[in-house]
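Respectively, the protein sequence lines represent chains A, B and C.
Going by the numbering used here, the letters in the first sequence line up with residues 1 to 236, in that order.
Going by the numbering used here, the letters in the second sequence line up with residues 237 to 469, in that order.
Going by the numbering used here, the letters in the third sequence line up with residues 470 to 678, in that order.
No lab work stands behind these hints, which were simulated from the structure alone.
For clarity, every value in this text was computed on a predicted model and none was experimentally measured.
Note that the Cβ used here is the ideal one computed from N, Cα and C, for glycine as well.
It is possible that part of the hints are untrue.
Per label pair, the in silico range of CB-to-CB distance [said to hold, decoys possible]:
| hint | chain 1 | residue 1 | chain 2 | residue 2 | range |
| --- | --- | --- | --- | --- | --- |
| 1 | C | V489 | B | I313 | 28 to 38 Å |
| 2 | B | S447 | A | G136 | 55 to 65 Å |
| 3 | A | S217 | B | I313 | 30 to 40 Å |
| 4 | A | D236 | B | W350 | 37 to 47 Å |
| 5 | B | G244 | A | G60 | 36 to 46 Å |
| 6 | A | A11 | B | E375 | 54 to 64 Å |
| 7 | B | I251 | A | T228 | 37 to 47 Å |
| 8 | A | D236 | B | Y457 | 20 to 30 Å |
| 9 | B | Y457 | A | T6 | 43 to 53 Å |
A few chain B residues facing chain A, derived, Cβ under 10 Å [unchecked claim]:
| hint | residue |
| --- | --- |
| 10 | Q354 |
| 11 | T355 |
| 12 | V376 |
| 13 | P396 |
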Amino acid sequence: MINTSTSMQAANARRWLRSVVAIFLKDWRSELRTRYAFSALGMFVVTTIAIILFSLGSEGAPPDALSGMLWVVIFFAAMSGLARTFVTEEERGTAATLQLLSPGSAVYFGKLLFNLALVTLLNVVTVSLYALFISGFVIQTGSIFAVTIILGSIGFAAAATIIAAIIARASTKGTLYPVLSFPILLPLLLTVINATRLAADGAFFQEAAGEFQLLISYIVVVITASVTVFDYVWKD
Amino acid sequence: MGLRIFLGLWLSAVIIFGFSLPMVAQPQHWYDLPIIPGLAEKARIIFFHVPTAWLSVLAFLSSLFYAVRYLRKKEPIDDIKSASSAGIGFLFCFLATVTGAIWAKFSWGTYWNWDPRQTSIFVLLLIYGAYFALRSAVEVEEKRASLSAVYAIIGGVTMPFFMFIMPRILASLHPEPLLNAQGKVHMNTMMLIVFLASLAGFTALYYWMWSLHVRAERIHYQRSQIHGGASRD
Amino acid sequence: MTGRTSITGTDLKKVFNRRVIFENISFAMESPRTMLISGRNGSGKSTLVKIVAGLLTPTKGSVVVDGVGSASEFDRRASIGMVSPYLQMYDEFSAEENLKLAMAVRGAPYDQQYAHDLLKRVALFPRKDDPVRTYSSGMKQRVKYAFALIHRPPILILDEPMSNLDAEGIGIVRAIMGEHRNGGILIVATNDLSDLERYDQHVDLNAGR
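Bound-form chain A, shown alone (with noise of 0.2 Å):
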């Protein structure tokens, strides 16, 4: 009897993390089809790169303040294109479909990896067009900077995916999101940043090791309460 239990406990647990992986693929897919999120968000980033540059000038800024400038950059991106994942579901009647196929676990989890790829892409390229434009950007401790990307964009991944199931519920989304979305990402921005700047002075890798400690913390705090709560908002 105990074999046949865990046997299934096993079986379970293989299709569970091949419903993820189902969900993620289905939304990367999707999204490879119909690009709406890459455009949107590949747009918001050129643009306010081209602003920033425009508006900064010959002058320049303090790095301190380039640091800072970056994460807001990504704070406004993610918001105007992580809400889709969720939000389509809403709009378009699948919503109930999803639920019908598959536990709401592993919607949540397979959500949160689409949106990781989605954030990690967008860093990858707000970092590069920032990186090459804006010249009074430099990063001395790479080794710090690229574990601060890692360690932000999952941070950004979580908080994001929780958020935005909660607003396709609602009703007036688009200006609801970084609304709710801003308190709870604060901490990660605020470490980040801080992260970033330690990174531009050339600090050594040790130093940042607080920000690391809270990046993890928080992506793991942030992560356990979404999977706990989010039955209550994705099920009626």
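Chain A is fixed; fit chains B and C onto it per the hints.
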């Protein structure tokens, strides 16, 4: 009725004492308050700023408590209690932010300087604002209650990052003239009495406002059920 | 569809924005069995159907699915197939892609032969690789049937089964319903009472309000 009058007198006494007790360098009489180095007369704001800040946190915790309860049992009264706590907490949080900014102006010259505690209370204000923005955007009651409960929980788990972790890691500008690292309290007995009295008075005020609001909402809810579910305005 | 399946609803009540939509609804079904849910528009037909399918939580009462192993969330979902006006397909994908993703998201392997048979049964095989977006409303309705049957569920729930269908489509659906009656559980929600006598049991939401 009697309790209300008592509360009114209590808070009036706190306000009067808070503003009128003399601050002297060497407190001698029972009614003398010590001069806090660097703050002098402006230290009086501690009687009002700290309780409002404390209450905004207490109200948030209360809102969180009833939010969790609502998600478990789905009783409408828990949502009413949660939202009422948040409403009053919002008010007190606004007062705390404003009084904090005034204190900052007197002590450090600028209304705002992004030190962790000032940031924390501001973020709490943003969370309250977002909470009510969310509530006004959902028409179905059960969904409104669930979604705002979930948001309160998400806000609740991210708040500690401000309150406890960041002051440790980042340098703090927040004054600790009264409670320094060695834990010595520079408040003399009279000041402590007025301070604690203010804290108690404001907490009672909060509780009174909250239970009044809950009672009103409950009656409103029950009446709309009898009348066959008229939509709320 | 092997083995017995049962679905039992006990004392179901739904309150929405302080209005009682329905209460004290109970039913018990064991395969093979058919049930008709009827009621005028706004009587809560679709609400009840959603509760039976597990899409909506009742204010009071419960729905229990038994037999094919409701132990895991996947098993419960595997027992039920549903067609309804508010269940849409992913229209940027083709019919076959929708069927593939249905099985993948269910965590189950894709049986291409069975899928093709289904698509032929709903007369969509020639268009199986075109995005559902390009289908007519009748074709979209027929894809929903393939989508609902691809995982061979013992319980089939149909909300307004004939909507958007022409005579050919209606014939296809009647055949599907007839076949499912043998050994499965069929629950249909509609206002069309012409076939009432062919159902084993009936829940009328017009009464008791």
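Evaluation of the provided hints:
1. V489/C to I313/B: 28 to 38 Å: Given range 28 to 38 Å: violated, Cβ gap about 18 Å.
2. S447/B to G136/A: 55 to 65 Å: At roughly 57 Å between Cβ atoms, G136/A and S447/B fall inside 55 to 65 Å, so the hint holds.
3. S217/A to I313/B: 30 to 40 Å: Check passed, 35 Å falls within 30 to 40 Å.
4. D236/A to W350/B: 37 to 47 Å: Holds - the Cβ-Cβ distance for D236/A and W350/B, about 41 Å, lies within 37 to 47 Å.
5. G244/B to G60/A: 36 to 46 Å: 59 Å, violated
6. A11/A to E375/B: 54 to 64 Å: Since A11/A and E375/B have Cβ atoms about 41 Å apart, the given range 54 to 64 Å is violated.
7. I251/B to T228/A: 37 to 47 Å: Roughly 44 Å apart at Cβ, these two residues keep to the hinted range, so it holds.
8. D236/A to Y457/B: 20 to 30 Å: 21 Å, holds
9. Y457/B to T6/A: 43 to 53 Å: Since Y457/B and T6/A have Cβ atoms about 49 Å apart, the given range 43 to 53 Å holds.
10. Q354: At about 13 Å, which exceeds the 10 Å cut-off, the nearest Cβ of chain A leaves the hint on Q354/B violated.
11. T355: 8 Å, holds
12. V376: Check passed: Cβ of V376/B comes within 9 Å of chain A, closer than 10 Å.
13. P396: At about 8 Å, which falls below the 10 Å cut-off, the nearest Cβ of chain A leaves the hint on P396/B intact, so it holds.
When the structure is compared with the earlier hints, violations turn up for hints 1, 5, 6, 10 and for no others.
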